[in-house]
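Student: Sequence:
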Amino acid sequence: MTTTARSAGRATARPARSSRGRLRRNLVTLALLAPALLGLAIFFVYPLIASVYYSFTRFDLISPPEWIGLRNYEYLFTQDPNVWLATLNTLWFVVIWVPVKTGFALIVAGLLARARRASGIWRTIFYLPALVPPVASVVAFVFLFNPGTGPVNQVLAWFGIKGPLWFNDPAWSKPSLVLLGVWVMGDIMIILLAALLDVPREQYEAASLDGAGGLQKVRYVTLPSISPVLLFAVVTGVIAAIQYFTEAAVASSVASGKAVVGEGIGNTLGYPDGSLLTYTQWLYVRGFGTYQLGYASALAVLLFVVAAIILVLLLRRFKAFTPEGAQ
Numbered sequence: 049m050t051t052t053a054r055s056a057g058r059a060t061a062r063p064a065r066s067s068r069g070r071l072r073r074n075l076v077t078l079a080l081l082a083p084a085l086l087g088l089a090i091f092f093v094y095p096l097i098a099s100v101y102y103s104f105t106r107f108d109l110i111s112p113p114e115w116i117g118l119r120n121y122e123y124l125f126t127q128d129p130n131v132w133l134a135t136l137n138t139l140w141f142v143v144i145w146v147p148v149k150t151g152f153a154l155i156v157a158g159l160l161a162r163a164r165r166a167s168g169i170w171r172t173i174f175y176l177p178a179l180v181p182p183v184a185s186v187v188a189f190v191f192l193f194n195p196g197t198g199p200v201n202q203v204l205a206w207f208g209i210k211g212p213l214w215f216n217d218p219a220w221s222k223p224s225l226v227l228l229g230v231w232v233m234g235d236i237m238i239i240l241l242a243a244l245l246d247v248p249r250e251q252y253e254a255a256s257l258d259g260a261g262g263l264q265k266v267r268y269v270t271l272p273s274i275s276p277v278l279l280f281a282v283v284t285g286v287i288a289a290i291q292y293f294t295e296a297a298v299a300s301s302v303a304s305g306k307a308v309v310g311e312g313i314g315n316t317l318g319y320p321d322g323s324l325l326t327y328t329q330w331l332y333v334r335g336f337g338t339y340q341l342g343y344a345s346a347l348a349v350l351l352f353v354v355a356a357i358i359l360v361l362l363l364r365r366f367k368a369f370t371p372e373g374a375q
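The sequence shown begins at 49 in the numbering used here and counts up by one.
One thing to keep in mind: the hints can contain errors.
Ranges between beta-carbon positions, derived for each pair [what the hints assert, rightly or not]:
(1) Ala82 x Glu114: 46 to 52 Å
(2) Leu159 x Ala356: 31 to 37 Å
(3) Thr172 x Ser66: 54 to 60 Å
(4) Gln291 x Ser66: 46 to 52 Å
(5) Leu363 x Ile173: 30 to 36 Å
(6) Leu75 x Pro147: 45 to 51 Å
(7) Ile287 x Val93: 47 to 53 Å
Hint data in this document are derived by calculation from the structure and do not stem from the laboratory.
Built from N, CA and C at the ideal position, the CB exists for glycine as well.
Please build the complete structure, drawing on both the sequences and the hints.
Tutor: What follows is the structure, given as C-alpha cells:
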C-alpha cells in the first residue's frame with residue numbers, strides 16, 4: 049500500500065472516530081440529564097397538557113371527562129360571579145405587595161450594608177421572620193392586630209388613635225397582609241444585601257470625584273449594578289403574588305373565627321366581604337370544593353398564560369434576556 053493510500057485511510061478513519069466520540073459524549077450528557085428531564089416531563093409537561101385537555105371537558109374525578117368545547121371558558125369570562133373579584137384582589141397584591149416588600153427589603157439591605165457595628169446581629173434579626181412558617185406568622189399577625197384585644201390597637205389607643213379593624217375590615221385586610229409581607233422580607237433582603245456588598249467601592253469613589261450626591265450615587269451606581277438581582281427579586285415576587293394562597297386563606301379563616309382553613313368554607317372564603325379572595329383560592333374551591341375539575345383546569349390554564357405574559361413583559365422591559373441587557 050502506498051503512502052498516499054495509507055494517509056487517505058487514516059484521514060477517513062479520523063472523522064469516524066470523532067463522530068463516535070461525539071455520539072458517546074452526547075449519550076453520556078443525556079444520561080446525566082435524564083432524571084431532570086424525566087421529572088420535568090412527569091411533573092410539568094404532562095400536567096400542563098392534561099390541564100389544557102381537561103379545560104375543554106366536564107370532569108368531576110368520578111365520571112369520565114365529557115368534552116364540552118369552550119363552555120368552561122365562556123362561563124369563566126361571562127358568568128362566574130367571583131372570578132373577576134378574585135382577579136382584582138390578586139392584581140392588587142401584584143401591584144402593591146410586590147413593590148412595597150421589595151422596596152422595604154432594599155432599604156433595609158442598604159442600611160445593613162452601611163452598618164459598622166453589630167451588623168451580623170441586625171442581619172440575623174431582620175432575617176429570622178423569614179424562617180417562621182407562613183401559617184404561624186399569619187395566625188400571630190391576626191391576633192396581634194385583633195381590633196378588640198390585640199396589642200397593636202392598644203398601643204395606638206395610648207396615643208389617642210383609634211385603631212382600624214385590620215383583618216376584619218375590607219379596606220384594611222389587604223394592607224394588613226402587606227405589613228406581614230414586609231415583616232417576612234428577610235429572604236429577599238439577604239439577597240439584595242449580598243448584591244449591595246458586591247458593588248465595587250471604586251465606582252462610588254469615582255462618582256464622588258464627579259460631584260455626585262447620595263441620591264445620584266444610588267441612581268447611577270447602585271441600581272445599575274444590582275439590577276439583575278433586583279429583577280430576580282421582582283420576578284419571584286410577582287410569581288408569589290400571582291399564586292398568593294396560604295396567607296390570605298389563613299387570615300380569612302382565623303379572622304372570621306374559624307380555626308381550620310376549609311371549615312365552613314362558604315362563610316370564610318375571602319373574609320371580610322371577599323377582600324381576601326385570591327385567584328388561586330377560587331381555583332381551589334372550584335376544583336376541590338365543588339369538584340368541577342374541568343372548570344378549575346380552565347382557571348389554571350388562564351393563570352398560566354397570564355403569568356407567562358407578565359413575566360415575559362418584565363424580562364423584556366428590563367432587557368434581561370442577555371447578560372449585556374442586564375447591565
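Student: With reference to the structure, classify each hint as holding or not holding.
Tutor: Status of each hint after checking the structure:
no., hint, result
1, Ala82 x Glu114: 46 to 52 Å, "violated (37 Å)"
2, Leu159 x Ala356: 31 to 37 Å, "holds (36 Å)"
3, Thr172 x Ser66: 54 to 60 Å, "holds (56 Å)"
4, Gln291 x Ser66: 46 to 52 Å, "holds (48 Å)"
5, Leu363 x Ile173: 30 to 36 Å, "holds (34 Å)"
6, Leu75 x Pro147: 45 to 51 Å, "holds (48 Å)"
7, Ile287 x Val93: 47 to 53 Å, "violated (19 Å)"
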